[in-house]
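Participant: These are the residues of each chain, in order.
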Amino acid sequence: MSTSVLYDAPGPRTRRRVLLGSVVAGVVLAGLLALVGNRLADKGQFEAEKWAPLTDPADDNFTNVWTLLGDALVNTLVAAVLAMAFSLVIGTGLAVLRITAGRSWRWLVVGVIELFRGIPVVILIFFAARVLPGFGVDLSNLWFLVIGLTAYNSVIIAEIVRAGVNSLPKGQREAADSLGLRRGQVLGLILLPQAFRAMLPALISQLVVVLKDTSLGFIISYEETVRTAGIIIQNLDNPIQVYFIIAVIFIAVNYAVSRLAIWVERRLSRGKKTAATLSATDPAGAGTGGGG
Amino acid sequence: MNVIIDNFPLYLNGFLQTLRICAFAALGSLVLGTVIAGFRVSPVPPLRWVGTAWVTVFRNCPLTVVLFFCAFGLPEIGVNGAYFWFGVTGLVLYTSAFVCEAVRSGINSVPAGQAEAARAVGLTFSQSLSSVVLPQALRTVVPPLGSVVIAMIKNSAIAGAFGIGGDLFAVGDTLTSARGEAALPVLLGVVIGYLVITIPSGLLLAWLERKVAIAR
Amino acid sequence: MRLRGLMVGTVTAALALSMAACGKSSDSGSANPSVDAQAKFEAGTTMAKLNESGKIRIGTKFDQPLFGLKGLDNKPTGFDVEVAKLVSAKLGLSADKIEWVETPSKVREEVIEQGKVDLVVATYTINDKRKERISFAGPYYEAGQDLMVKKDDSAITGPESLKSSGAKVCSVTGSTPAETIKKYVDESNIVLFDVYSKCADALKNNQVQAVTTDNVILLGLVDKSGGEYKLVGKPFTTEPYGIGIKKGDTKFCQFINDTLKAAANDGSYEKAWKDTAGKVAPNTPKLPETAACS
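Chains as they are written, first to last, in numbering that gives the first Met the number 0: chain A, 0 to 291; chain B, 0 to 215; chain C, 0 to 293.
None of these hints come from the bench; they were simulated from the model.
Every residue gets a Cβ at the ideal spot worked out from N, C-alpha and C, and that includes glycine.
Do not take every clue at face value.
Here are the simulated SDA-like cross-link-like pairs (lysine to any residue), alpha carbons at most 25 Å apart as the crow flies [claimed, not checked]:
1. C:Lys246 to C:Val184
2. C:Lys130 to A:Gly133
3. C:Lys115 to A:Gly135
4. C:Lys233 to C:Lys273
Have a look at the derived ranges for each label pair, beta carbon to beta carbon [said to hold, decoys possible]:
5. A:Ala84 to C:Gly114: 29 to 35 Å
6. B:Gln113 to C:Asp185: 51 to 57 Å
7. B:Gln126 to C:Lys181: 54 to 60 Å
8. C:Asp222 to A:Ala57: 42 to 48 Å
9. C:Ser164 to B:Arg138: 50 to 56 Å
10. B:Lys210 to C:Ser187: 52 to 58 Å
Pulled out of the complex, with its shape left as it was, chain A reads as follows (with noise of 0.2 Å):
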């Protein structure tokens, strides 16, 4: 019952060859799960009193911790949600001011785009926090963590919609033509909300991005996850503990969000003719891959 073209359903040989591959890997495989459990042990990692406050509902700290932990998640998903709008807002503008622009400026308009592209995120961040209070600019850490991340994201998301709009069939754009409408209402009539439907899966997939990137936020002391991770730890002392708990919580919600991104995908081409879907899960859509 092979699905792969890689390689032949398997015969009896081949399926005894399997198998023993499967229980060579396996044993490889515990044995270094075994091994790396063994020397943790031995460092007293999997001690209850390094665990408990995490683990323990009994424990005394059990509830600050998690109340801690809970108000830092709702500041990730608030920075991460405020960005996100923003960069769709903004990335959007800036790929129609892409797609419309006269040649003469058009330029100005990819430079922009190309410049923050090349940009890390972290210094954007870092940029925000340091040197805008110098003109005036008086935000919060939240602010100037949503300002770095939408300059980043929404440079990407002008990406997606182009991509986007490009990825419609060009009769869309010449029935739209033929009927005489004008150019921004082609754009905003027709091709921007038919593209936003095949766009949706990557803007989902991007939303992962952003979610990973508000971990940034440390470097200028926003309360998100990890920064109250460091406090957590400062007072309790299992760094390795702490990030495990971090580490898992933001593979769920991630992981949450790529299967909403993924069946979005499912939905959405079911039946449907026009524009294939930028995919969520290929990377290749619009240059979303590695960010963060």
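Place chains B and C on chain A using the hints.
Facilitator: Relative to the frame of chain A, chains B and C by itself:
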């Protein structure tokens, strides 16, 4: 602007350190990512599980958390070394998940007939993968791999905060925090340093993309 | 809950809320200093302004054990925090009127210049470079940069011995100790993290051989390690900790200095020490001679 000129040697060192980190991390993640992609399409179920788990973990975990485990988790299990290599390891682990997904989608983009033909002439899984499918896949994955590597160059700024030190971003931190220089000119210098790497990389990538497009 | 989440935007808003929610103070044994309810100040001074407004914003560190560490109950504790409470009590403001703002080393001058805080008490070494941008009251404590090593290490006896033993030294990014130690160690042997506790972890795993910063901060790490580490005990700098205020506010500076002196005389300075850093540091310090305000 004088601060950039006065501290030019410091900036240059930072720039070179960033380049060093990126060179090792790029090489490592391309190799590891391709291997993991091989795992993900392999006929051996445990390898497929490892591949899937790998991608799920490293794609969804913030880089800061991955780097933390490299700098403080590895010594806990008895692996000691320079923080430079811990940082590079963190970047490699994180980036390999993205490389893997790029390569895997490349493998999927190779027409089924190619793999079928390879099998028809009697090649085994590893032979058909390494001499028929991957060479063609790698060609189609140049653009996404390029963006993954450029993203990694930018991510290297975060690695500097985990004991490596001396990279471009750390230079900015030293100048503004310890020496009390104004943030704007210092950070402009840092930004220029990164743009000097990322913009040519982007141009190179665009050029490669065109080359590959012709070759197909 | 959702509303609260949104307000958390400003770190301090969350802090104020949760402090209100907590109600009774449950500080680790330290009763807050008695508030001077009758406090009267010359009109137009910073003191009068703060006294009338009924609240004060104080910058401190949130991740510095013994000096300013935010606890799991969301409240900062430490010697800096207690000193700040002494000052605000003299202003007629009880501890619950204080809005704590996290001020890591790198932003201290900025937040003072921008008026985001009224004063900063955050292991803040007085030096001339900083005096160009802000003014200092105090000093209220004098620390010195020292080295922390494993307890069985006899090779490292002081900063001069670092080079010969090829030791790796850990400190915090963008900090003054990290700059100072460059005089003694090759840059490639300096390891930098964002907090000192990571340095202690690195020392535990033999990734570095020494940790360097102000001796009192190291004492906290020694205490936490349960005797795994020791101080070399030869401070090679003097770090007078001051209270940062807006540049040129001499009246406020004078007021803080007077407050510190009064606290030293009536024993509340000693109490503040004993409740916090004094738990691990052997001797209670004398209040250093306060510098002239300028």
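Participant: Starting from the hint list further up, note which numbers the structure goes against and sort them upward.
Facilitator: 1, 8, 10
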